[in-house]
Amino acid sequence: MLTAAMIGQSEEAPTYDRGDISFIIICAALVLFMVPGLGLSRRKNALALLWVVVFSNAVVIFQWYFWGYSLAFSTTATNGYIGNLRNFGLQHVLANPSPGSPLIPDLLYSFYQLEFCCVTVAILMGGVAERGRVMPAMVFAFLWATLVYCPVACWAWNPSGGFFKWGVLDYAGELRALFPRILSHAVEGPSKSALVSVVSRSLGCLGV
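Start counting at 1 in the sequence shown, then tack on 5, and there's your number in this note's numbering.
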């Protein structure tokens, strides 16, 4: 019985494509390299902004491990709006097939999507340049990733998401799993504008 069970498990073991895995690793690494460049600013504020970007990257990594990936990509979600906590702390991930493609493991897909979350928040942090403080910005980064990024990621990229079921493409061709656009533009742009407006208003920078 044990042998039969082991044979059954080996037959059901997922088969991954080495080329796809290598490609996703390279893509994730290239996205990671984008993050430090988003901390560039005038000499007066360059160091402070660079620290904001680096710290926000650490905050997002924690958030993504803690519950971000589960809220965005949990395949057992049923409401079409946001995932559940089945993958809290990256539980039930490891070598399972990913929701983006059965040819790559879920853990690698989580790392890839993490980098896009990091770079999106890093772009958003440009809104505090010469205006905001580091610690409030980190709280904002955690909350924004949880309340804005994760739900929209679930809509567009999770097979259980509402937009995904409607056939909506995060359009950059049809490679929605590889070249995300909705979150980095349609969501991050208005969020950054709102952040700049609120922070500048509190400092009297807008003259209103």
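Please keep in mind that the hints were generated in silico from the structure rather than gathered at the bench. Backbone N, C-alpha and C define an ideal beta-carbon position, used for all residues, glycine too. Any given hint could be a false lead.
Label pairs and their computed distance ranges (CB to CB) [stated by the list, open to error]: (1) ALA51 to VAL144: 16 to 24 angstroms; (2) TRP171 to THR81: 15 to 23 angstroms; (3) LEU55 to SER202: 17 to 25 angstroms; (4) LEU35 to VAL203: 27 to 35 angstroms; (5) ALA199 to SER106: 29 to 37 angstroms; (6) PRO141 to SER106: 15 to 23 angstroms; (7) VAL144 to LEU90: 15 to 23 angstroms; (8) ALA199 to VAL59: 20 to 28 angstroms; (9) SER202 to HIS97: 19 to 27 angstroms.
Taking the hints in turn, this is what the structure says about them:
About 23 angstroms separates the C-beta atoms of ALA51 and VAL144, a value consistent with the hinted range of 16 to 24 angstroms. In this structure the hint that TRP171 and THR81 lie 15 to 23 angstroms apart at CB holds, the actual value being about 20 angstroms. In this structure, LEU55 and SER202 meet the distance hint of 17 to 25 angstroms, their C-beta atoms being roughly 24 angstroms apart. About 32 angstroms separates the C-beta atoms of LEU35 and VAL203, a value consistent with the hinted range of 27 to 35 angstroms.
The hinted range of 29 to 37 angstroms is satisfied by ALA199 and SER106, whose Cβ atoms lie roughly 34 angstroms apart. Here the CB-CB span from PRO141 to SER106 is close to 38 angstroms, at odds with the stated 15 to 23 angstroms. Remark: the range hint 15 to 23 angstroms for VAL144 to LEU90 is upheld by a beta-carbon distance near 21 angstroms. Restraint check, ALA199 to VAL59: a C-beta distance of roughly 23 angstroms satisfies the suggested window 20 to 28 angstroms.
The given range of 19 to 27 angstroms is broken by SER202 and HIS97, whose C-beta atoms sit roughly 41 angstroms from each other.
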